[in-house]
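> The residues making up each chain are set out below.
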Amino acid sequence: MIISVASGKGGTGKTTVAVCLALAAQYCQFVDYDVEAPNADIFLKPEIKNIKKVTIKQPYFLTETGKNFSKCAQFCHYNALAVIGSEVIFYPELCHGCGGCILVGPEGAVREKDVDVGEVAKGFTGPGIDFLKGNLTPGSMRTTTVQGELEKMLNKKGLVIIDSPPGNSCSMVMSVKNSGYCILVTEPTPYGFNDLLISMEVLDSLKIPYGVIINRDGIGDLSVEDYCKGKNIRILVKIPNDIEIAKCYSKGGTLFDYDMSYKVKFQNILKEIEGFVC
Amino acid sequence: MKLCITSTGTSLDSNVDPRFGRCPYFIIYDTDSDTFESIENASREAMGGAGIQAGQLVASKCTGAVITGNFGPNAFRVLQAAKIKMYSGVSGTVREVIEKYKSGQLTETSAPDVQSHYGMGRNS
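So the sequences go chain by chain: F and D.
Going by the working numbering, 21 is the number at position 13 of the first sequence; the sequence numbering is gapless.
Going by the working numbering, 111 is the number at position 64 of the second sequence; the sequence numbering is gapless.
It is possible that part of the hints are untrue.
[As the list claims (entries may be wrong)] Quick list of the computed label-pair ranges, beta carbon to beta carbon: (1) M149/F with E146/D: 41 to 51 Å; (2) S157/D with N58/F: 48 to 58 Å; (3) S58/D with N249/F: 57 to 67 Å; (4) L111/F with K132/D: 33 to 43 Å; (5) E155/D with P146/F: 28 to 38 Å; (6) T55/D with P100/F: 29 to 39 Å.
[As the list claims (entries may be wrong)] Here are the simulated DSS-like cross-link-like pairs (lysine-lysine), alpha carbons at most 25 Å apart as the crow flies: (7) K79/F with K130/D; (8) K75/F with K121/F; (9) K165/F with K271/F; (10) K130/D with K75/F; (11) K246/F with K160/F; (12) K108/D with K75/F; (13) K108/D with K79/F; (14) K108/D with K132/D; (15) K279/F with K165/F; (16) K60/F with K160/F; (17) K49/D with K108/D; (18) K79/F with K121/F.
If you are wondering where the hints come from, they were derived from the structure by calculation, not from laboratory data.
Backbone N, C-alpha and C define an ideal beta-carbon position, used for all residues, glycine too.
Working from the sequences, and respecting the hints, build out all of it.
Below, the structure is given as structure tokens:
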């Protein structure tokens with residue numbers, strides 16, 4: 009079973025929750041899908057055993073052949089190529105590596121090479137948690153390509169906890185699309201509520217069941233809680249707004265270091281989700 | 048010689064649009080015959096690379112100079128490769144700007160004015 013942890017608004021506590029779930033489960037695979045800013049390793053402190061590069065194919069143009077490459081530029085949906093007379097200007101940051109220019113361009117004069125977009129790292133935390141994370145190369149736009157490599161490595165037979173990137177766009181969809189259940193973490197503020205509604209819309213259209221965790225409970229207002237109650241959406245747990253939690257976090261500690269009773273709370277959440285999904 | 052002016056509309060009384068890649072129209076003005084045509088900028092809604100596509104369009108019209116508010120780095124490279132002169136920091140109506148060009152009041156631009164994606168989401 010795959011459980012993803014997501015949030016429209018950033019900084020609501022996705023990693024805090026995902027790490028607690030993994031520690032509560034004891035035996036699982038933990039995957040940090042936030043490849044633009046992976047940080048779950050700070051809390052899970054895994055031993056990394058294996059790092060694999062992620063590459064995409066990008067074209068290069070043999071201009072010395074004197075061939076005409078203007079068809080390639082006309083074809084490119086992402087405008088990654090300009091052809092002015094005999095000059096070919098390639099913009100690698102715009103190229104999606106689709107290979108179309110090779111098909112429509114002069115035969116043999118457009119070649120492909122591997123370009124680094126990131127890496128995936130594999131290791132483990134203690135005896136029970138398999139740890140996996142992706143790391144996007146700074147400047148690269150290929151977030152979902154790196155996530156796609158993580159997807160190939162998911163252990164779908166066991167319990168998988170996915171820590172999603174913030175937001176509700178492509179990279180979030182990639183993180184939640186295979187899950188049997190999604191936990192949406194939010195804070196009870198107008199901003200948190202607004203982005204929570206967008207996340208719910210995404211999950212509704214993907215037909216993925218979900219529940220809500222309210223973090224920093226006590227700030228803001230009651231709009232999240234009232235909405236969830238009205239729509240019969242399960243609030244799994246509320247985590248208080250307490251500076252002691254922030255202090256723990258800043259030292260790489262978890263909620264369990266703050267209050268051991270959270271271990272049972274998260275074990276109960278896991279049981280409840282298992283009962284709900286299976 | 049042909050001039051290209053980025054424009055908010057299709058006439059010489061339209062205002063100059065400050066964006067090159069994402070302006071609504073290009074006015075192509077022939078200084079020899081004092082005639083002009085307006086072209087809709089199809090790349091204004093592009094997800095990325097609007098300046099690159101617009102640069103190639105302008106180059107295909109055999110223009111000698113482009114007059115606009117700002118050039119981004121990608122468009123700048125294309126126009127430079129096409130050996131098209133660039134004038135930026137310009138505002139007012141298209142007609143006023145053509146007069147300024149003719150009387151030599153515009154100075155050529157030697158570097159991009161703004162970052163990539165500057166014109167994105169600024170559709171007037």
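> Hints broken by the structure, by number, lowest first?
Checked against the structure, the only hint that fails is number 11, while the rest are satisfied.
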